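Residue-level listing of the chains:
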Amino acid sequence: MAISAGVDMGTQRVKVVIMKDGQIMSQTQNFLGFEPTKAAEQALKEALKKAKLSREDIQHITATGAGVDMASFADSTVSMMGADAQAGAYFFGSARTVIDVGAEEARAVNCNEKGVMLDFVVNARCAAGAGTFIEAMARALEVELEDMGSLSLQAERASPINASCVIFAESDVVSLIHRDEPKTEIARAIFDAMAERVSSMVLRLGINPDIVLVGGVAKDAGFVASLKRRLGTEILIPEAPLFAGAVGAALVAAKRAARRQQ
Amino acid sequence: MLETIAEILLATIAVGLVTAGILAILIWVRNLTRKLSILRLFIQIIASIAIFVILLFWPLPWNPIFSGLVFSIALRLAIVFALIVVVTIVFGRFFCGWLCPFALYMDLLARLRKTLKIPYWNLPEKLNNHLDTLRYVMLASFVVLALVFGLLNAEVWRYIIMFMGPFKSLIIVFLSPIEPLIEQAGNALGFEVWGASFHDLRGTINYFNGTLLIQITWIVFFILTAASFMVRLFFCRFCPVGATLSILNRFSAFKWTPLLHIDKVEEKCTKCGICKRVCPVQVTEVYEEKGGNVTAPKCIHCFRCVEMCPYESCLNIKMAGKTIYKSKNWLKEEEE
Amino acid sequence: MASEIETGSRYIPKMSQKEIEELGNSIKAASIKVMEQNIERMKKTWPNRPEIMDYFDEISNFFGKREKEIREQKAAGKKLIGYTCMFAPIEFILAAGAIPVRVGSGWYDAAKLGDRIMPVEVCPVIRSTVGAKMVSLSPYLELSDAIITPLTCDGRTKLSEILSDFKPVWYMTPPRVKDDPQSLSLWKEEMQVIKGKIEELTGNKITKSSLRSAIEKMQKATKAFRRLQDLRKGPPVITGRDAMLVNQTSLWDNIERWTQKTNELCDELEKRVEQKDWACPPATLRVMVTGTPMLWPDSWKVPDLIEESNPQGVLVVDELCSGDRILYDPVGVDEWTMSDMLDAVSERYLMASTCPCFTSEHGNEDRVNWLMDRIKEYKVDGVIYYVVRGCILYAMEYARIKRILDRMGIPVYYLDTEYTREDVGQMKTRIEAFMEMLEARIDI
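Residue numbers (the numbering used here), protein chains in the order written: chain P, 1 to 262; chain S, 1 to 336; chain E, 1 to 444.
Think of the hints as simulated: they come from the structure by calculation, not from any bench. A portion of the hints provided could be inaccurate.
The list that follows gives simulated cross-link-like pairs (lysine to aspartate or glutamate, EDC-like), each with its CA atoms no further than 16 Å apart [to be verified]:
#, chain 1, residue 1, chain 2, residue 2
1, S, Lys290, E, Glu361
2, P, Lys219, P, Glu135
3, S, Lys276, E, Asp180
4, S, Lys290, E, Glu365
The structure displayed is predicted, hence computed values, not measured ones.
Start from the sequences and build out the full structure, keeping to the hints where you can.
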């Protein structure tokens, strides 16, 4: 009967998940803003309310994410890669590779059936392989962020974007608009470029099916389509991919609570 | 009766002294870069004394082995050849590095050179490899020439023997089985062949009574001495006895022989090249081969490479699969 | 014409004395702070750190006791000969009565200065050394009477050119292929030339007895060095950072005194082994680092993260020319004649090296064998492949090393970083993930 909580301190948002005996009881998110610890505590409070539990019921809290040090109320920490591996195996028993595309960083992890991390690779140098790229491009296209995906799915081909760097890609996009390139095709090209970066990172690790995609960007159908094309395989996506990190952390917390009871 | 007891007593004392000497070296020599070399020098001295005293001067029952009176010729042949094969299989050229008196002679010359702080000369690698092949040519020639010309003219046989160097008697130990064959064959064919057989080795030294022959012998001796002074173990590089002792190693079918060999653990080798530099016969296989049995046909088993390798357990002396000595971190035992 | 148009230094533009002093002093102050912090952090990880380590702490301060000593010795007539890479024949320097010291910058802030002269794609060690020269930061570099620069990689080749505007620079050209017959003869000739230059500078001839005594001094140093590394094979009786500090001190310190102090340290550590007094728990994850040199003080960034991470790791062995490779190979002399000693010294520096700047005709396995042997002897759990961005040689060998370690079942992580403190957060994340992975594998 382990009740645990996982706190994922991302770069933009904090996600909290409460689990009991391997079942998700509740999940909340909050923007971090200027006081990340407070925002995280707030998110935890809301998650407790939703789950109809009190703080004392939680046996163990594990924090993860880039801002993990700011979750001072957590009992322990786990790396994002470790959390991703746990979450991947939790959502899909056949998962062996978990790709996590966050706002500023992309990661890929190899794991076994128990969700134990076996190898990992990180791509932090190239912003074109992370979520903020889509935001920047959406601005350049003057399109809402939420519409980027559906826009790209309408295209049959991708406009040529040659730039190797996101900064130059932005000016590329502007000039494509002036040449009356359809926005659908530009959008598709943007997702293709992103998928290119992410897949070359995954190839360094080695593609081990089944592949699971998590992180905020996983909900974007346009990106998923491009990534599927690039990798040439099916990709499994959980219901709420944004909360994968927090789920993984909660699973680790449950394990640690059980070990301490012994 | 008393004589036999006296002989046995003397033999026991001799063995005891030798063992004491060996133990003294093993215990008291702390410098690991010299321990094995000093032990080898000691054994070389004992062996040389043994060969000359026992085989030449000591009238022991086994002298008649070389006399046609007690044993038949076929048995003589069989015993000597079996000896060569067994020694090769078990010890390879261990005889060369530890028991050969000529090698001792050349080692003593080297020690004299070292005391005088004169640096040695290395032979170019290609020349060294050619010399290695030369020994088989020499051995083959002696056998062929002896078989061909010995039948015709005994004098030629003498000249051939002469070029084998001052310790030809040793070489004759291995070649003498051929001589009675010649004698038999010659007799059968009606030729009067050189009738002397080497009933004992002492006879060989007295055999040559011609002045010219003695002069030429001594000239060859001095040339070899001078060469061995500047080039380490010069004669070993083309010695035909070495050929007989390693002839099996030449053929890859017999790679598993001899049972005594140098083994290298590939991972521990840093290719520092010390083994190649300190080898007195300039063997390069220990350095070049990746791992496993790295014994070269040229190797005389002095084990200087094992002694000087500074990485623990990299080079090992193996006897029938069991490691009897490993290379050590020789920095350790220096001053304590 | 070049000679007309190039006046003054060829690469480094003139800076005002004020700017040089201000920058130099601020980097120096920052460096002193970093050194103090490093030592504090090491003490925190190892509360029972032996007192003898204070000696090494003292020598590791570039601006303290050792600098003073060298100045005094120079005033008394001795020469200081610096070297940028581990192919310089230290035995010759000692035999001629001069002081050897390795010059190579471990200052992150100096790299930013070097950025003014060369783009960031260039190896940060080189950029940092140039930056240090710009503000006369390094006492050893400034006090050197000559600098031996083995041209092992592109960066070092150009660095020597840059430095030659300020100091007499003696090039050494090691051949890139180790086992050609012509390679060794070239290298031996280079050694002869350097010997002549050292004799000329110091005014002392290198005799048989002085060379023998220098070789024996270095052999004793190797003996103490190996003694320390052997003690790291078992449970951690010394932390990796402390061992690395002791190892690196041999590059700057008086070698005889260093030998004596290291032996004292080993005596103390042997006692602790008997008492089972470990620096960190025996179950601590055993990590090996291989790759580009990690120079004191700022490059303690990664070792700090490894040994302070959660779960904790301890560096039990490394394959670094700034670490366990420094004094590992002895000079093996057969006959103490001048020619054999010269051969022995020349061969030791060229042939035993595991630097990836070499290749060979027969598999180029020196580094691979060394790594494999260390992993087995030290029971390594995982390997951090540490590369500073800009080092092509180490970066390229990664593909080969990874395949080998995969076959051995040893996890390896490619950690590429820079001479900056800005990526500590990222490094921490990755190192902690790697350590978690190692821990999980042990549970499997």
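Hints breached by this structure: none
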